[in-house]
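**Q** The residues making up each chain are set out below.
Number of protein chains: 6
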Amino acid sequence: MRVGTVREIKNHEYRVGLTPESVREMVAAGNEVWVEQGAGLGIGASDADYEAAGGTIKAAAADIFAECEMVVKVKEPQAVERAQLREGQILYTYLHLAPDPEQTADLVKSGVTAIAYETVTGEGNALPLLKPMSQVAGRMSIQAGATALEKAHGGRGVLLGGVPGVLPAKVVVIGGGVVGFNAAQMAVGLGADVTILDRDPNVLERLDSHFEGRARTLYSGKAALATEVAQADLVIGAILVPGAAAPKLVTRDMLGTMMPGAVLGGRGD
Amino acid sequence: MRVGTVREIKNHEYRVGLTPESVREMVAAGNEVWVEQGAGLGIGASDADYEAAGGTIKAAAADIFAECEMVVKVKEPQAVERAQLREGQILYTYLHLAPDPEQTADLVKSGVTAIAYETVTGEGNALPLLKPMSQVAGRMSIQAGATALEKAHGGRGVLLGGVPGVLPAKVVVIGGGVVGFNAAQMAVGLGADVTILDRDPNVLERLDSHFEGRARTLYSGKAALATEVAQADLVIGAILVPGAAAPKLVTRDMLGTMMPGAVLGGRGD
Amino acid sequence: MRVGTVREIKNHEYRVGLTPESVREMVAAGNEVWVEQGAGLGIGASDADYEAAGGTIKAAAADIFAECEMVVKVKEPQAVERAQLREGQILYTYLHLAPDPEQTADLVKSGVTAIAYETVTGEGNALPLLKPMSQVAGRMSIQAGATALEKAHGGRGVLLGGVPGVLPAKVVVIGGGVVGFNAAQMAVGLGADVTILDRDPNVLERLDSHFEGRARTLYSGKAALATEVAQADLVIGAILVPGAAAPKLVTRDMLGTMMPGAVLGGRGD
Amino acid sequence: MRVGTVREIKNHEYRVGLTPESVREMVAAGNEVWVEQGAGLGIGASDADYEAAGGTIKAAAADIFAECEMVVKVKEPQAVERAQLREGQILYTYLHLAPDPEQTADLVKSGVTAIAYETVTGEGNALPLLKPMSQVAGRMSIQAGATALEKAHGGRGVLLGGVPGVLPAKVVVIGGGVVGFNAAQMAVGLGADVTILDRDPNVLERLDSHFEGRARTLYSGKAALATEVAQADLVIGAILVPGAAAPKLVTRDMLGTMMPGAVLGGRGD
Amino acid sequence: MRVGTVREIKNHEYRVGLTPESVREMVAAGNEVWVEQGAGLGIGASDADYEAAGGTIKAAAADIFAECEMVVKVKEPQAVERAQLREGQILYTYLHLAPDPEQTADLVKSGVTAIAYETVTGEGNALPLLKPMSQVAGRMSIQAGATALEKAHGGRGVLLGGVPGVLPAKVVVIGGGVVGFNAAQMAVGLGADVTILDRDPNVLERLDSHFEGRARTLYSGKAALATEVAQADLVIGAILVPGAAAPKLVTRDMLGTMMPGAVLGGRGD
Amino acid sequence: MRVGTVREIKNHEYRVGLTPESVREMVAAGNEVWVEQGAGLGIGASDADYEAAGGTIKAAAADIFAECEMVVKVKEPQAVERAQLREGQILYTYLHLAPDPEQTADLVKSGVTAIAYETVTGEGNALPLLKPMSQVAGRMSIQAGATALEKAHGGRGVLLGGVPGVLPAKVVVIGGGVVGFNAAQMAVGLGADVTILDRDPNVLERLDSHFEGRARTLYSGKAALATEVAQADLVIGAILVPGAAAPKLVTRDMLGTMMPGAVLGGRGD
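Protein sequences, first through last, are from chains A, B, C, D, E and F. The first sequence begins at 1126 in my numbering and counts up one residue at a time. The second sequence begins at 1126 in my numbering and counts up one residue at a time. The third sequence begins at 1126 in my numbering and counts up one residue at a time. The fourth sequence begins at 1126 in my numbering and counts up one residue at a time. The fifth sequence begins at 1126 in my numbering and counts up one residue at a time. The sixth sequence begins at 1126 in my numbering and counts up one residue at a time.
Do not rely on the hints blindly, as some may be mistaken.
The list cannot tell twin chains apart, which means a pair is met if one copy fits it or any two copies do.
To be verified - Derived SDA-like pairs: lysine to any residue, alpha-carbon spacing no greater than 20 Å straight-line: (1) K1347 <-> T1144; (2) K1135 <-> I1240; (3) K1347 <-> G1169; (4) K1276 <-> S1171; (5) K1256 <-> A1184; (6) K1276 <-> E1176; (7) K1183 <-> H1137; (8) K1234 <-> R1339; (9) K1256 <-> N1327; (10) K1256 <-> V1328; (11) K1183 <-> R1339; (12) K1256 <-> Q1209; (13) K1135 <-> A1204; (14) K1135 <-> G1282; (15) K1200 <-> G1236; (16) K1347 <-> R1331; (17) K1183 <-> V1199; (18) K1256 <-> R1331; (19) K1347 <-> G1163; (20) K1347 <-> A1184; (21) K1276 <-> K1347; (22) K1200 <-> R1140; (23) K1234 <-> M1265; (24) K1183 <-> A1349; (25) K1276 <-> E1150; (26) K1276 <-> L1350.
Source of the hints: derived by calculation from the structure; they are not laboratory data.
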């Protein structure tokens, strides 16, 4: 099969669909691999690196969309890219269609076979291609939140871990899955006062056993959520709505109960 | 010198002023040691054990009060004991005179030289003879508090460490000295949500560094105390008033702000 | 369906079969729910709370037993309650029939369809309705045991965690399931010297990995049990005999080998 | 004495020299306290709060500089403030004179008696008024560094703690005092690969014992520094040069050996 | 069935195929058990212990090979033992045939039915009979490596955990299964600087969550391995090649990249 | 001053009195430094390294003993070295004179001024030059003990940390100073069952607080020692007898009570 990867054009996206190492493995498996010029610069991989791995460098993304049977990307195709997709082609990337009807319509119209990383499902309903992104999102949500709480960034001037004699910030993590666990680990590591809400007794038990008092677990319900969010300095929304961008943001009706100045964290892939 | 020890007569006191091992050392140092019959039974030491250590068994406490130059005890002398003290004699025991004017008057009248363990002071203002009792008191305060919170004992039906999905109890420890540190260790060990208040920045720093987020530290002041105590399920008063029974109980004006049902911990020597 | 819940009448039982929140969900699902007057007082839920949730308050338990298709309780029905059960009715509660032939006979005679919480089985043979009770039982067993070891409560005068220079108490936990794990966590948290016995290599490995030396694991057998129990200050029996009250008490033939004064822990639902 | 505090005018300074609580204590001790209108807004204290505490609100800073015997501030006086200082007056604030000859000259010329918080020295050469700021600086340096390493902020795109399968960032902390210890705690908490350099064997021993392998300690020397800094993703300069802003930045000759893209942390009071 | 066990004759093998306790269970299940004289001495079990358990002592291994339907051993049969195996007989022991063609040929020729412990497979592809040996091997590999690094044993003179001010040794564990996890636990416990490589994201996630920064996890690949091994003081090969001795040694082509003096750990069953 | 350092000639001694870095500092301070040819090879420092640091290489130790005003070494001078010492010269090295009357006599006869590192005393009676060696000795004692317990090395076949289902070894550390603390850290890290004995309440408290139940502390006395040593698999003698080799070995009269096969650890400088 002829497989191609293009330079990502969405703002602040430095990743690339295929690394030189994955090109090497694909070529070894009998495929031909085309790579757009400069596609790997964001991760420090030069065109020469791709060529050494057996890839062929192409000057323009258009060549790849036109000639490749499968296009491997990171982010959802932008409008200019969607216009080049076609029937009989496979698109392999993160899509997050749920909140994006325009993209969905374009994809349907193009006739492409689109596989969304975030919906590839493994044993036990695990999402193996989403998980690494969720780990990153969970960990980054806390450093984003910590920065947002600084006075110089418009926050309440609260340090997540406090200092001796000054109470730490209260961090409420809604959802104890991959994002929530990773966020809680970082928040605990910085010394914050962390509560994780979830509705699955097995998840609550696993978190309780892992943190052994360093973070608290709470069975989630309307009342529990309202109470906790109202006291929080930082709320991390970590609930996956399948197909939507993960982690989902805290819903609007919770916001009314939050303290003025509380920071709303959560960053999707 | 002729030294004597008597059987403790205060309710629930099982300790004894001299163990067979201390008798052996005193005799080796050239002293004569008299021991009241059965004085060591509470700690499992028989009269024969004392005799093997070089002590002499006496049938009655009266013999010891009458003939010994120094009497070594555990608890403050009871009225019947105080009547037997006399000028020229040394009494070596815990006294806690501050809240006990009646005892103070009797001791003054007797002419005895009374040395209170709790006021013997070492390097850096440490209280080496009080410290072991404070360690015990701090540790026991939490198990006493945990029991008092059980519904069957008239408490609020709160488990200190909660369970997965149920928040732990809030424990507020007032004072971060020996009692407070030991209480906090036990409360943290049971998974409670622990805040320690103190006014000494060095104490707060040491506790913050020790617990690293497992317990919170808070600079104590009227407002901080009122806020914390009002939310507490269990309050441990761990402030030493020199000369008074340690740890001192939470003062009455704090009580007004406590939640109904909160348990007031703290056990002195 | 018409569902009802009654006030628990067994001594020291403060729980209730249906909370206002569960009433709300049941009503939303199309059921009618009857609640005996005052049924929720032990958990702080008033009759008004139940009415707000859509329930109907009934003056007497007899109304509920007579008219409801399903009765939801906490504890096994007492003799006076069993007399009111009838064919065609569902009883949903903890039963623990194994050690209770009298109750078993009454239930059979009544013709009721009785579903015991403690035998509802989920994936992997888990017991999801028993587990929360086992978590509570395991955690409380240690605070019950700590109290029982106090001299003032007739114990040996041993503090679970010792103090600096004084060895901690030896706690032996028989069975590494939910009760045993939770008991071990609390005992470790208090600084005790903890050994957990089990016969399942996977359980032993999981515990060894969790505690990393803070508690010891030992493959259980007649000899190992005898040795460990003989040295213990506190024994927690945490073996589930399906259908019987959990955790099962240490069997009589172990008792012969215990040290005088050792405390026998273990509290069932 | 008449004591006054003014609104801080340096950019991004939200603190204030006297809180309402300190005003209350000063007034109780027999002083008169003047407060510039709006001085406490940055910490959420209104003029009314100060009046309730016994302070007198003044419309302009000029009144306070003109009439108060002691002026209590946070930051070093700005040029416009220095012009109002006068002989016989006490200025109590952070000064950091070492890198600031212009301020020094103005202060000398004014004849004011200036006491720099950062040089007030307690037992064992401790700096009790600098320490809380150093705790904050050390903790914030890591969240500043984490943010600076994000690709979107021009960094190398490295997450301090990595994720499973991706190595964490290397953090080198130069100096194991208050700033360095607090920075290391946060970096360790986020899962970074942390090395702390110092030249004092007692400091190295205390850090080694505290972190027990979670952070490494290294005796600092020219060669050790060069090697460590060359491999670092984030360097925290945490060496106090008495009188200068703490923590001192990494010196220029270290910079030559750093990896391109490494982030240089460190924030003074 | 008549079952027998013989004294192990391979150098430094002190274990035995059947303990007295397993003999007791086998006899209770209706089998006859023969035991070679002195077979249990290495584990402290006398012939009398076996007789008390219901076994029959035989003077020579030859009797057992000749008359027993199943022979239970620990190590692979040595040449002299293989000559006595015969058709219709079951041999139950560790075999590790992969690197041992000579043994394989002899077993085939003998017609014995040989069951290798290391290939008995349980749920989820677990190897329940190999696991305990892997736990021991993983834990011992670190103490073997620590000793090999001592100067007096020809090593580089590096202490695994360093001391305050001296960096710890770098330990690279290749493979995060049972051997690797146990090796990493011990290396971390001694304060070493530990990296674990694996290719299974679930394994990497589990290890990352367990060690929380105390050991690093790295996705394994040719480049990652080369880089890590080149910096290592100690390399633990912990990859199972099914059927071969576990843990497999580091392959020769890695060795070229190692630092001179690096120690190669890893001990099979 | 002219300072010299010689190659160490005692068996298995790879250290050297002056590193190139210390030579550089001494020269910078105005001294002349002579170094015997090859003196630094054991630590990987060439003659060229010393010359680059400002030292002068001398072919023979005799030149250095004859001409230098101060000789800096590591180990006590051997007989052939002692013969070259002379009045007016300073010898700066570890001496450990207490158990070595022959060396003592030679030193006295030579008229040299000998300064023993191990007796240089700092603030609070600390021994700053002995401490690093004690840290090494304490840490190595455990890996030496672990190896000695292996069956292949003549031990009891006990793994310090056990494995899941098998109890760990009991390690008794006599003395809670630098050696004892470091030994306990390593033993705890390997998962052993560790008890530390000491007679200083402050030491016991500090250890108890550091280990929080991972190691036990016990007030040392004749009876406590006898009981603990009798149950130990490994005994670490960690008591400093000032002037003697540290750590002192366990005394002979304890040995009578040890279990056969117990290993006696402890390694001096």
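**Q** Run every hint past the structure and note whether it holds.
**A** Now for the hints, and whether the structure bears them out:
Proximity of K1347 and T1144 under a CA criterion of 20 Å is satisfied inter-copy only: 14 Å between copies versus 45 Å inside one chain copy. Taking identical chains as interchangeable, the C-alpha atoms of K1135 and I1240 lie at most 20 Å apart only when both belong to the same chain, with a minimum of 19 Å there against 55 Å between chains. For a Cα distance limit of 20 Å, the shortest separation of K1347 from G1169 across copies, 18 Å, qualifies, whereas the shortest one inside one copy, 47 Å, does not. Taking the shortest alpha-carbon separations for K1276 and S1171, only the inter-copy value of 18 Å comes in at or below 20 Å, while the best intra-copy value is 41 Å.
Within a single copy, K1256 and A1184 get their C-alpha atoms no closer than 33 Å, and across copies no closer than 54 Å, so neither meets the 20 Å cut-off. In this assembly of identical chains, the alpha carbons of K1276 and E1176 never lie at most 20 Å apart, being 49 Å within a copy and 26 Å across copies at closest. Taking the closest pair of Cα atoms, K1183 and H1137 never come within 20 Å of each other, the shortest separation being 23 Å inside a single copy and 50 Å across copies. Neither within a single protomer nor between protomers do K1234 and R1339 lie at most 20 Å apart by alpha-carbon distance, with minima of 51 Å and 51 Å respectively.
When the C-alpha separation of K1256 and N1327 is checked against a cutoff of 20 Å, the pair qualifies both within a copy, at 19 Å, and between copies, at 10 Å. In this homomeric assembly, K1256 and V1328 come within 20 Å of each other (Cα to Cα) both inside a single copy, at 16 Å, and across copies, at 13 Å. In this assembly of identical chains, K1183 and R1339 lie within 20 Å of each other by CA distance neither inside one copy nor across copies; the values are 52 Å within and 44 Å between. For the homomeric pair K1256 and Q1209, neither the shortest alpha-carbon distance inside one copy (29 Å) nor that between copies (54 Å) is at most 20 Å.
Taking the shortest alpha-carbon separations for K1135 and A1204, only the intra-copy value of 11 Å comes in at or below 20 Å, while the best inter-copy value is 47 Å. Within a single copy, K1135 and G1282 get their C-alpha atoms only as close as 33 Å, which misses the 20 Å cut-off; across copies the closest is 17 Å, which meets it. Only within a single protomer do K1200 and G1236 lie at most 20 Å apart by alpha-carbon distance; the minimum there is 19 Å, versus 61 Å between protomers. In this assembly of identical chains, the alpha carbons of K1347 and R1331 never lie at most 20 Å apart, being 22 Å within a copy and 32 Å across copies at closest.
Taking the closest pair of Cα atoms, K1183 and V1199 come within 20 Å of each other only inside a single copy of the chain (18 Å); across copies the shortest separation is 60 Å, beyond that limit. Taking the shortest Cα distances, K1256 and R1331 sit within 20 Å of each other both inside one copy (18 Å) and across copies (13 Å). For a Cα distance limit of 20 Å, the shortest separation of K1347 from G1163 qualifies neither inside one copy, at 50 Å, nor across copies, at 24 Å. For a Cα distance limit of 20 Å, the shortest separation of K1347 from A1184 qualifies neither inside one copy, at 55 Å, nor across copies, at 30 Å.
For the identical chains of this complex, K1276 and K1347 are neighbours neither inside a copy (31 Å) nor across copies (27 Å), given an alpha-carbon limit of 20 Å. Within a single copy, K1200 and R1140 get their C-alpha atoms as close as 9 Å, which meets the 20 Å cut-off; across copies the closest is 44 Å, which misses it. Taking the closest pair of Cα atoms, K1234 and M1265 never come within 20 Å of each other, the shortest separation being 36 Å inside a single copy and 50 Å across copies. In this homomeric assembly, K1183 and A1349 never come within 20 Å of each other (Cα to Cα): the closest approach is 56 Å inside a single copy and 29 Å across copies.
With identical chains, the CA atoms of K1276 and E1150 are never at most 20 Å apart, being 49 Å at best within one copy and 28 Å at best between copies. With identical chains, the CA atoms of K1276 and L1350 are never at most 20 Å apart, being 26 Å at best within one copy and 27 Å at best between copies.
Hints 5, 6, 7, 8, 11, 12, 16, 19, 20, 21, 23, 24, 25, 26, counting from the list given before, are not met by this structure.
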